[in-house]
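Engineer: For reference, the chains in residue letters:
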Amino acid sequence: DVKVTQSSRYLVKRTGEKVFLECVQDMDHENMFWYRQDPGLGLRLIYFSYDVKMKEKGDIPEGYSVSREKKERFSLILESASTNQTSMYLCASGVFQGAAPQETQYFGPGTRLLVL
Amino acid sequence: AQSVTQLGSHVSVSEGALVLLRCNYSSSVPPYLFWYVQYPNQGLQLLLKYTSAATLVKGINGFEAEFKKSETSFHLTKPSAHMSDAAEYFCAVSARMEYGNKLVFGAGTILRVKS
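Order-wise, the sequence lines are chains A and B. Take the first sequence: its letters are residues 1 to 116, numbered as in the working numbering. Take the second sequence: its letters are residues 117 to 231, numbered as in the working numbering.
Keep in mind that the hints were calculated from the coordinates and are not lab data. Think of the CB as a built atom: it goes at the ideal place given N, C-alpha and C, for glycine as much as any other residue. Check each hint, because a few of them may be wrong.
Taking lysine to aspartate or glutamate pairs in the DMTMM-like style, the calculated list, with each CA pair at most 25 Å apart, reads [said to hold, decoys possible]:
1. B:LYS165 with A:GLU30
2. B:LYS165 with A:ASP26
3. A:LYS55 with A:GLU17
Selected chain A positions facing chain B (Cβ under 10 Å, derived; list incomplete) [claimed, not checked]:
4. ASP26
5. GLU30
6. ASN31
7. PRO39
8. ARG44
9. VAL52
10. MET54
11. LYS55
12. GLN102
13. GLN105
Work the whole structure out from these sequences, hints included.
Structural biologist: If you want it as structure tokens, here you go:
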């Protein structure tokens, strides 16, 4: 079974703090994703990484950055946390099948972040 | 641009009744469609996906979905609801990015199963 783990289930941070969310997958997948989940909005893509040190902006990248130094690990960084970044953050991974659109994404359990 | 619309943010059914969760898509290219389920305090799990091989797709836990191009729909059904089906369900469509594919999700439908 594919396993995607996230470093924290719950985080509480203060406005202006730098926040790191970590994600690790154990299936040697090429692709990794960070989504944000908000009630009534579903999931929205923040960033996508298709290889080590390679990334592409998603739909809502403002206020976020990412890092992928190793294939299995993908980090989401909030440079200066704000209250409107209070949300559930979900990491996912997927096999690169020649850019196949039918790729299944496998999700981690999520990190619920509260910014005070 | 690809998008999906889920009709009904909340659906309530009795145990043993038919489950019908609605999803309509918009896509300028032949779509690849997915249904995911999220149980409380968990990540998303794939239920099934449509990849053009067959219009009726069977998934896990007795769920199935039918792709109807004429109606631009991909509704999820289960003949008999079980208490354990209570969860949030997301419909998604694959959308091309420069270096891969992302999922574009609907807003989700929370399914409640009454005993």
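Engineer: Against each hint, give a clear statement of whether it holds in the structure.
Structural biologist: Going through the hints against the structure:
{"no.": "1", "hint": "B:LYS165 with A:GLU30", "verdict": "holds, 21 Å"}
{"no.": "2", "hint": "B:LYS165 with A:ASP26", "verdict": "holds, 23 Å"}
{"no.": "3", "hint": "A:LYS55 with A:GLU17", "verdict": "holds, 24 Å"}
{"no.": "4", "hint": "ASP26", "verdict": "violated, 15 Å"}
{"no.": "5", "hint": "GLU30", "verdict": "holds, 8 Å"}
{"no.": "6", "hint": "ASN31", "verdict": "holds, 6 Å"}
{"no.": "7", "hint": "PRO39", "verdict": "holds, 8 Å"}
{"no.": "8", "hint": "ARG44", "verdict": "holds, 8 Å"}
{"no.": "9", "hint": "VAL52", "verdict": "violated, 13 Å"}
{"no.": "10", "hint": "MET54", "verdict": "holds, 7 Å"}
{"no.": "11", "hint": "LYS55", "verdict": "holds, 9 Å"}
{"no.": "12", "hint": "GLN102", "verdict": "holds, 4 Å"}
{"no.": "13", "hint": "GLN105", "verdict": "holds, 6 Å"}
The structure shown violates the earlier hints numbered 4 and 9.
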